[in-house]
Amino acid sequence: MTKLNKLREKLAAADLEAILIYDELSMRYFTELHISDGALLITARSAHILTDFRYEEAAEKCAPQNFKITITKERTKYISDILSNEKISIIGFEGDALTFADYKDLSDKLDNIEFVDVGDLIHELRSIKSPSEIEAIKCSQEITDLAFAELLKRIKTDMTEIEVAAELDYLMRRFGSEGAAFETIAVSGDASSLPHGVPRSCKLKRGFLTLDFGSKFNGYCSDMTRTLIIGKADKELKDLYNKVLEAQSSALEFITAGVDCSDADKVARDIIDSDPRYKDTFGHSLGHSVGLFIHESPSLSKRCKGRLLECGNVITVEPGIYIKGKYGCRIEDMVLIREGDVYNFTKSKKDLIEIY
Numbered sequence: 003m004t005k006l007n008k009l010r011e012k013l014a015a016a017d018l019e020a021i022l023i024y025d026e027l028s029m030r031y032f033t034e035l036h037i038s039d040g041a042l043l044i045t046a047r048s049a050h051i052l053t054d055f056r057y058e059e060a061a062e063k064c065a066p067q068n069f070k071i072t073i074t075k076e077r078t079k080y081i082s083d084i085l086s087n088e089k090i091s092i093i094g095f096e097g098d099a100l101t102f103a104d105y106k107d108l109s110d111k112l113d114n115i116e117f118v119d120v121g122d123l124i125h126e127l128r129s130i131k132s133p134s135e136i137e138a139i140k141c142s143q144e145i146t147d148l149a150f151a152e153l154l155k156r157i158k159t160d161m162t163e164i165e166v167a168a169e170l171d172y173l174m175r176r177f178g179s180e181g182a183a184f185e186t187i188a189v190s191g192d193a194s195s196l197p198h199g200v201p202r203s204c205k206l207k208r209g210f211l212t213l214d215f216g217s218k219f220n221g222y223c224s225d226m227t228r229t230l231i232i233g234k235a236d237k238e239l240k241d242l243y244n245k246v247l248e249a250q251s252s253a254l255e256f257i258t259a260g261v262d263c264s265d266a267d268k269v270a271r272d273i274i275d276s277d278p279r280y281k282d283t284f285g286h287s288l289g290h291s292v293g294l295f296i297h298e299s300p301s302l303s304k305r306c307k308g309r310l311l312e313c314g315n316v317i318t319v320e321p322g323i324y325i326k327g328k329y330g331c332r333i334e335d336m337v338l339i340r341e342g343d344v345y346n347f348t349k350s351k352k353d354l355i356e357i358y
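Reading the sequence shown from the start, the letters are residues 3 to 358 in the working numbering.
Rather than coming from a laboratory, the hints here were simulated on the basis of the structure.
Please note that a few of the clues may not be correct.
As the list claims (entries may be wrong) - Derived DSBU-like pairs (lysine-lysine); straight-line CA-CA distance at most 30 angstroms:
hint, residue 1, residue 2
1, Lys304, Lys234
2, Lys349, Lys304
3, Lys106, Lys75
4, Lys8, Lys140
5, Lys140, Lys106
6, Lys281, Lys351
Said to hold, decoys possible - Each pair of labels, with its calculated beta carbon distance range:
hint, residue 1, residue 2, range
7, Arg176, Ala14, 19 to 29 angstroms
8, His198, Ala99, 55 to 65 angstroms
9, Glu356, Cys204, 50 to 60 angstroms
10, Arg340, His36, 27 to 37 angstroms
11, Asp113, Cys204, 20 to 30 angstroms
We put the beta carbon where it would ideally sit given N, CA and C, even for glycine.
Hey, can you work out the whole structure from these sequences and the hints?
Below, the structure is given as structure tokens:
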């Protein structure tokens, strides 16, 4: 079944006659077009790409045949005409993607139409990856692994955090990435205690160096974290690193289709909290889904109690320990939920690596 047909089934189940899509990634999901200015109008009978001259040629070459491409400066009038012709009086929209200004403009001009926020309807569709999406994510992670392996040959203790982050970005591009999936993290020493720390212009500090980075391939993201040691690791650093690795390994063994997302988080969290030295130092969730966007649904979180993992979910597993003002460590792999097991996209080893 095509993505478009799945969407129409979801709309029918929600008693909706049409949907208007403005989110850039959702538009790409249904059309495979990268359009930064446009909209999709999808009804039970028709599907429309509304954009401008800049994307006309690309749309004509790449858009699915079941979409009609319309270049118009009067999008609201065009939408109104389609809804009128198809006798549609109720339409869905993505509440988290449509600005208030756009919503007000539409509701003012289409005063005979009822607008309904579809909530997570499209996010739920995007959570189950197709074979082609899985292949794109696999290629994206292969690029990320290659970049990390090459970085290990190049990294020097006199580099700055910014230089390390820039080197990773360059290497991912060199190996075929369309660009970074998110802002690359490379933080060392006391800054490694910041889960989303920003690379600094200072030279690498002794202790942990946390590298969190990912590439894009055909629009699909990868996400990986490895933590290195600048200098020689003492017992304190080794103990902390091994505790994070134990938590991640146990979570990876536990995860499978049908597992409650909150239970997966608990497996890793209980291992970390069982050591008095690290209790309450794992402050974020165990993981998140990955696709066209770096943070998708579902997540491995205690907030997702009752949500079960399904075949086709692609999700990260990334426990961490963060001692405020001192240091931190995170290890992250990205896996595919399959029938009976998981496939780990991430091939980079997790041995404790010392740089000196």
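Status of the hints after comparison with the structure:
Simply put, Lys304 and Lys234 have alpha-carbon atoms about 36 angstroms apart, too far for the 30 angstroms limit, and the pair is violated. The straight-line distance between the Cα atoms of Lys349 and Lys304 is roughly 28 angstroms, inside the 30 angstroms bound, and the hint therefore holds. For the given pair, Lys106 sits about 18 angstroms from Lys75 by alpha-carbon distance, which is consistent with the 30 angstroms threshold. The hinted pair formed by Lys8 and Lys140 meets the criterion: a straight-line CA distance of about 24 angstroms does not exceed 30 angstroms.
About 41 angstroms separates the Cα atoms of Lys140 and Lys106, which puts this hinted pair outside 30 angstroms; it is violated. With a C-alpha separation of about 27 angstroms, the suggested pair Lys281 and Lys351 falls inside the 30 angstroms cut-off, and the hint holds. A hinted range of 19 to 29 angstroms for the beta carbons of Arg176 and Ala14 is inconsistent with their spacing of about 47 angstroms. For the pair His198 and Ala99, the supplied restraint of 55 to 65 angstroms is violated, since their beta-carbon distance comes to about 23 angstroms.
A hinted range of 50 to 60 angstroms for the beta carbons of Glu356 and Cys204 is inconsistent with their spacing of about 20 angstroms. At about 29 angstroms, the beta-carbon gap between Arg340 and His36 stays in the expected band of 27 to 37 angstroms. For the hinted restraint 20 to 30 angstroms between Asp113 and Cys204, the CB-CB distance of approximately 58 angstroms leaves it violated.
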